[in-house]
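Enquirer: Sequence:
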Amino acid sequence: MQRVFKLGLLSGLMLAGSAAHANIEWSGFANIGAGFTTGSDEQAFGYEDSVDFKPDTLFALQGRAQLADDLSITTQLMSRGEDNFDLGVEWAYLQYQLNEAWTINAGKLRLPLYNYSDSLDVAYSYHWLRTPQAVYRVPFDNFTGASVQHNAFLGDSMLSTQFIVGNFNDSVEVADSQAETDLENLVGVSSSLNYHSWTVRGGFFYSSDVSVELQTPEFNGLMMQLSGADFASLADDLRVDEREGTFASIGLNFDNFDWVFASEYTELEVQDSFLAKQRSFYASLGKRFGSWMPHVTYAGTRDQQADFALATLPEPLAQGVQQLTSSTTQRSNMTSLGLRYDVRAGVAFKFDVTHVDDKALDTRSNVVSFSVQTVF
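In terms of mature numbering (1 follows the signal peptide of the UniProt record, and there is no 0), the sequence shown is residues -22 to -1, 1 to 354.
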């Protein structure tokens, strides 16, 4: 929390210090949501069977200081309900506009993994109440480093390409526990081609050094038991220490201001570790009727569980390894029915019912959610 406060203070001072020499543009957005599951033993998207306002609620304020015609500073502060409304710095970067085609950004930036990465938290900008959680489940959204953006017209089409380089270091949720996670030497590229109502997008990201320090009694106990039983090499293989990691995505969208179609497929893999290879997808269709837009989304996860030779292990140790690898493996189907109503420009009300069929755990959940989302 102290680190977050220092970052927020520094970002504020950067904007305040430039106020005398630059015009500052302020904007913001808010999502005020609530939801619950329909069964007493059900959990999904942070909700249980009692009404909760935290999982889908957030507030954000963004300031952009124009230092010169081609130079600006942007800082975005955000307070999330799921983080007990602690204030954090979501973005803080310097932007240099080389020309109409090329832009360079440096600082704390959004990682462009998905079709909706840039507007991920601005739920007003898309038709769902929340993005499909089967796909949008990488436990971090930002990185520290630099990006280069290039835009080019190709006849009636617009090609946008972004190159990134940097690193990530923070505590994220892994196997239902917090784990210190480092991604070094992170590089990647994403590109989207827009032609009239159609947009196709793809991306690929690579880190040569992924480390995940899972510190739970169960994990540490299993590592000690394996090492004590002369299976130290297996314990080393299970640890995520300086492993290679990749993320790939492809998406297709259509929006003619009448019908909306959106789809994505993603794969995430950290090689030679206990982490499952994640494979995720969704397809969504919506239709506008004036200010109303009903929509339906089908999404799924088809993870591939990490495979280790367990035949030579004593039964208790084999069970421990099996439980560890299965804890990061998701196989589920999610079906959502949603409704968006545009109250006025900049304000939308959304309602969503999602059925989650978890094949890995053999459980089923129904989540009812509603939200007021705004930009200002």
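Simulated from the structure, these hints should not be mistaken for laboratory data. Quick caveat, the model's predicted, so the values are computed rather than measured. Be careful, since some hints might not be right.
[To be verified] Straight line, CA to CA, 30 Å or less: simulated DSS-like cross-link-like pairs of lysine-lysine:
| hint | residue 1 | residue 2 |
| --- | --- | --- |
| 1 | K32 | K86 |
| 2 | K337 | K32 |
| 3 | K255 | K337 |
| 4 | K86 | K337 |
Enquirer: Work down the list of hints and note, for each, if the structure agrees.
Expert: Against the structure, the hints come out as follows:
| no. | hint | result |
| --- | --- | --- |
| 1 | K32 <-> K86 | holds (25 Å) |
| 2 | K337 <-> K32 | holds (27 Å) |
| 3 | K255 <-> K337 | holds (16 Å) |
| 4 | K86 <-> K337 | violated (37 Å) |
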